[in-house]
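Take a look at the letters that make up each chain.
Number of protein chains: 2
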Amino acid sequence: MGSQNEIYQLHNPALDNYNLLLQETLFHNANGYIGVRSAFEEGYPEGYQSLRGQYINGFYDMTEMEPPERLFGLIDEKQVMLNVRDTQSVKLFIDDEEFSLFTGTVRSYRRWVDTAEGVTGRQVHWISPLGKEVEITIIRMASFTQLPLFTIDYQVKLLNQPAVVMFQSGHNGMVLNHYDPLEPSRAEQVLYLNPAESELMGDASYITSITTESGLSVCTAVVNFLEGEEQRQIFAGNYEITDQISRTGEVQETVRLIKYAVFCDSIRYGNCREAAALEMDNARLLPIEELYRRQADFMADYWDRCLVEIEGDYDSSLAVRYSMFQLLQAVGKDIYCNVPAKGLSGERDEGHYCWDTEMYIQPFFTVTDPAYTRTLLEFRYRTLSSAIENARLLGHKAGALYPWRTIMGRECSGYFPAGAAQYHINGDIAYSIIAYYLATGDLDFLSCKGAEIIWQTARIWMDAGHYFKGQFHINTVTGPDEYSCLVNNNYYTNLLAQYHLEWAAKLYELLKGTECPAIGRIGLHEEEVAGFREASRAMFLPYDDELKINPQDDSFLSKPRMDLASIHKDDYPLMLSYHPVHLYRHQICKQPDTILAHFILEDGQPEPVMLNSYLYYEKITTHDSSLSSSIFSIMAARLGLCEKALGYFELSAQVDLNDRFRTTIHGINAANLGGIYMAVVYGFGGLRLKESGLHLRPRLPEKWQSYRFKICYQNTRIAVAVEKYRATLTRESGAAVNLYIEGVEYRLEDRLVVSRRRP
Amino acid sequence: MGSQNEIYQLHNPALDNYNLLLQETLFHNANGYIGVRSAFEEGYPEGYQSLRGQYINGFYDMTEMEPPERLFGLIDEKQVMLNVRDTQSVKLFIDDEEFSLFTGTVRSYRRWVDTAEGVTGRQVHWISPLGKEVEITIIRMASFTQLPLFTIDYQVKLLNQPAVVMFQSGHNGMVLNHYDPLEPSRAEQVLYLNPAESELMGDASYITSITTESGLSVCTAVVNFLEGEEQRQIFAGNYEITDQISRTGEVQETVRLIKYAVFCDSIRYGNCREAAALEMDNARLLPIEELYRRQADFMADYWDRCLVEIEGDYDSSLAVRYSMFQLLQAVGKDIYCNVPAKGLSGERDEGHYCWDTEMYIQPFFTVTDPAYTRTLLEFRYRTLSSAIENARLLGHKAGALYPWRTIMGRECSGYFPAGAAQYHINGDIAYSIIAYYLATGDLDFLSCKGAEIIWQTARIWMDAGHYFKGQFHINTVTGPDEYSCLVNNNYYTNLLAQYHLEWAAKLYELLKGTECPAIGRIGLHEEEVAGFREASRAMFLPYDDELKINPQDDSFLSKPRMDLASIHKDDYPLMLSYHPVHLYRHQICKQPDTILAHFILEDGQPEPVMLNSYLYYEKITTHDSSLSSSIFSIMAARLGLCEKALGYFELSAQVDLNDRFRTTIHGINAANLGGIYMAVVYGFGGLRLKESGLHLRPRLPEKWQSYRFKICYQNTRIAVAVEKYRATLTRESGAAVNLYIEGVEYRLEDRLVVSRRRP
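Chains as they are written, first to last, in numbering that gives the first Met the number 0: chain A, 0 to 758; chain B, 0 to 758.
Excised from the complex, chain A in its bound form (with noise of 0.2 Å):
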């Protein structure tokens, strides 16, 4: 088991329904590929709301989407992620008592998840209501090295008289998907997966499921293992089949259940249940400690490429683990899949993928374990002629726009001014594939896949956009800010897409003489290209000069602010409380934006403007998004307002572990996940990515004691440590670099101390 800093747990954590709902979330494992909610394995009293789930990455059926009024090119159906099965269900009885945290006694309890072993736990010490005692673990795992596969491992200590201990395990394939009246986005039906077939096979059993709509199936598989069984008994009917085992225990004994699962679909698996056959006995065939070393050492190997300690703040140390171990659960990790918008812990937004993954959680994998960047922009590759479809529909004849929420690669957005108008996502993609560009140097992805999405994105900006007066405008988008929708040179947009055009052409440059197959695909040409920088280089960037700040579009600053003392608590967030035309009709921000713009290209603006709408726009923030305080926390830090930062960092930190949003019960919010991160690392620490190399900008609060991060650049592992007058930066592996501190550059061959004057 981890040390204490590893672990984050709940001791006698409370059963009420919201918590358990919540713990369910917080408990959650996940690998990526599938995600088994902590709902408990005994079940829940009636009267309780579990949202059981188990689920699979990339997996889905079509629902449909129809709208009131069906204008050209408006959605009508969506991608949604399927409950796929209920692997997780295990009744224990003593001597025929059935376990319960809800009747005996229970002596103590606690919840954790391990970020070290990469397992979950629940502990109990119990007394039934005859008088047995018994101490009980269970081990739930999701394997990082056998994606496939999901274990129980229950082991229950007879303390004050032998028993007969029997488990009740069941594989249900009769699921549906949770509707919950209360998501604005949910779909119009409640899916299910349409149970195809049932076997048994020895002791394993299969349900095989095929979805409605979409054409994919999965196949599960369950194994029991019970060290010493003495009786076992099937009872298998209608898609549900249950495996009771027992055996008799001494005092003192441990009577253990293994319960092995595994899912194979039909994604990545040309036969999913010869696949799920394969999986398991593969899985059984090495002992279960085995399966849990090699779980540790991935483990290890992870958090020595992405460590960060802070010295004293025990709290936000924790959180920061806490929120990357949650990443890696959350993060696909093959191109049939991203990161959904809630990881893989629940239902809330249909397991989509959104920008959040390029401009929220890419920037933690970019610089510590980049082979994840790769593979999540291969998924947006391979979903290229769907963005080309897309940009189609929206009246682009060349070009690719991507979705603003999909799955497997069509638009899944039912309300197109805060989704399909959201241009900027082709923005983000394009400056996620630079960025890794710039942290790898990895110039296979470029050359092969990540140029050709860089240049078909880049030409919508060349359609959507068109010079006015000299000048190149981009109208009729939606920026970050939801608040603001369908607007006219959104600052962030027009920021990014002159960025985005500039690389198009330097990518030109830099590609046009290689083996790149995109150009002659694609039909680029000379012409095209300096069109890219001319735009580029014309483009309009709104510049307010009375206050100085960057105005978040062409009509914001002529809006009215809308009075945020006088709206009650409780009708935040406003989207909740407020006709969109009414907050359109307002300067008033959701979330960051032209902050958000400052952050990740903050040499398009002097200083002191960057300053001036970071305290203009700071006012009108109602920070009702996820995306938004770590973003502040962020620019806080650059902008020198150290301790402001300090603040949002720690709102972020408490979003799902405090549950702030009152939705982490609906699952994660992934995005700020790596927004915890970025607080950290390019927030305090300051980094940054440019052309001209890596940048750090090393800030401490007055709070934290130091703080140490592990990063990788150019495939050179760096530590960092920062303490009060002082940044020592270590070479791990790799050769030696040149980077920034401050602006100024240095190289760091072993080791790089740079100190600050003493005030």
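Simulated from the structure, these hints should not be mistaken for laboratory data.
Owing to the predicted nature of the structure, the values given are computational and were not obtained by experimental measurement.
Please note: incorrect hints may appear among the correct ones.
A pair counts as met if it fits within one copy or between any two copies, since identical chains are not told apart.
[Claimed, not checked] Each computed BS3-like pair below joins lysine-lysine, with the alpha-carbon atoms no more than 27 Å apart:
| no. | residue 1 | residue 2 |
| --- | --- | --- |
| 1 | K448 | K332 |
| 2 | K511 | K131 |
| 3 | K618 | K468 |
| 4 | K547 | K468 |
Chain A is fixed; fit chain B onto it per the hints.
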């Protein structure tokens, strides 16, 4: 029967499915309360799709309209006009040979609308397959003097041999609404009325039905009367009653069935079953000829008030008369209803009332038969409380915002950018009340109801707008042109709001010393009125110095134009071929917006600016709306482009009669009917209602020899005749009045001739 130019008729009209559907619309009967599409009484052969329908104005059911993303304030149910009952079925048998236009030989055949008699007719000279020759004449009437009554007068003249003539006359309670998959805002389910009770009483059959959601009911009664009836048999079952009646007829004898149907709903009648019985008794008390005489008297009176005649252009003259007849058929006759967008002639647009009434239809009634305008405005007053609720939904703490589409008062638009955001509807209604007041001087209505509407709706401008740099701005609204949505400072909206606020203040001054109850009731006070006045004075009205035009909105002129030349004609209307984001991003107009502002408030800008605007917007307007060409005609006439005006007028005249939009099968385009009238009287006649008085500016297109029209101003009936070099005004009744011709004030005593110098 009326004279030639009083009858719109088709000789041997086509019998293909499309043309039959079109004729169902063109020859429908309605009286503002009930509407009956002109389906063949005998039905159609298999494979034909009739949109057989009978409607009651304002009679609706509710249906779900859930938006895919449930943002706050979005409408999730709407009202839909129901297809209430089928009473028009009559099968005819001549010695057992069933009559059909698709069997035997049709010697001659015609259909007509007689605008003098107020009836429609169908006449067939038919020879049966076995050689029986008959002349069939069917006259249908929706009574204007007894609104619940619809009659079919079915006459069969035996031409070559005696025969047994048998009718099977139906009364069918099991009808569904028609589901049109091409209707962009169709209901999700097929709606229907639930039959509740079916009853035979004497020779009358009654069917009472109830709606599913809206709690309304309706009773229909049917009586069939055959002179000299020999045999009668009634088949009743499953809410479908068939009366089979026959008698023998001699050669040259006419056998005549009169079918009476009455419709009484629970909106207008406390007990609709009893009311139906009473109405039926009343109808039958009189000989049918007396009913016809009353109808003809009613029509004579109508035409005496609104006559328009064009010499030298028979088709246009007839088209205008046809339009005015349809307007009478469409206009609601009580305060429970209004004018549906398709009149009572079809289900497209779901029987909804829109701004069409105020801006396209009332301008006709206001200057001919202003009592209709008053009743229509009473409907708005009746639904004021719903408009207040609607305003709250949109975030306004005070005031009333009328819904964009409605039946009973609540918003029915499923797409707010081109629905609820069209705030100009408030100004349209205010404008119309002011026009009514200017035309009639009806202070009673103004004091009791009109002013209250004007004040409550004016309050919305104060909340939706705000001061910016000393000027009053109105952001995030949609003007009449739905190809630009959610814009800032739409010229039409701002100009209208300026006028509206000015009048709100003016009416306060007029009424504050009187008994006007609204002032106290709504808490209007001096300070608020001063605010109206100041906002009106400070209203920002976009003007472009370079082009010397009024831009449609703040950003309109900065957008690129669409290359209309490259668009294929099948891609019109553009909203069915282009994503809204694409349209919104371009300078492209579905219909007049700024041009409409120039029409309704011509003193808002100098004439050269209107001309510049006209020429500018004309190039970028697609006329994808039936509300477009008439306004272009009016403004062309206003600006001296008389032949252009004629061209646009002729386009308007063809909208339904030549089905120019290929939508008339689903119902007539009611707004365009008003537009046709306006193009003559407001366009060529140059009629304007201003505070200074009635203005005329008569113009005569080359093609026309002369034209005449009758109007009513301040209770004085005036006949206007326009010839090439002369306009003659004759006072037909009422007191002498002052009025303006070409801006010069005249007094009309009995007759006034204003001549124009020959060139």
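Status of the hints after comparison with the structure:
In this homomeric assembly, K448 and K332 come within 27 Å of each other (Cα to Cα) only inside a single copy, at 18 Å, whereas the closest approach across copies is 68 Å. Taking identical chains as interchangeable, the C-alpha atoms of K511 and K131 are never at most 27 Å apart, the minima being 76 Å within one chain and 86 Å between chains. Taking the shortest Cα distances, K618 and K468 sit within 27 Å of each other only across copies (21 Å), while inside one copy they are farther apart (33 Å). Proximity of K547 to K468 under the C-alpha cut-off of 27 Å is found in both arrangements, the shortest distances being 22 Å within a copy and 17 Å between copies.
Comparing the model with each earlier hint shows a violation of hint 2 alone; every other hint is respected.
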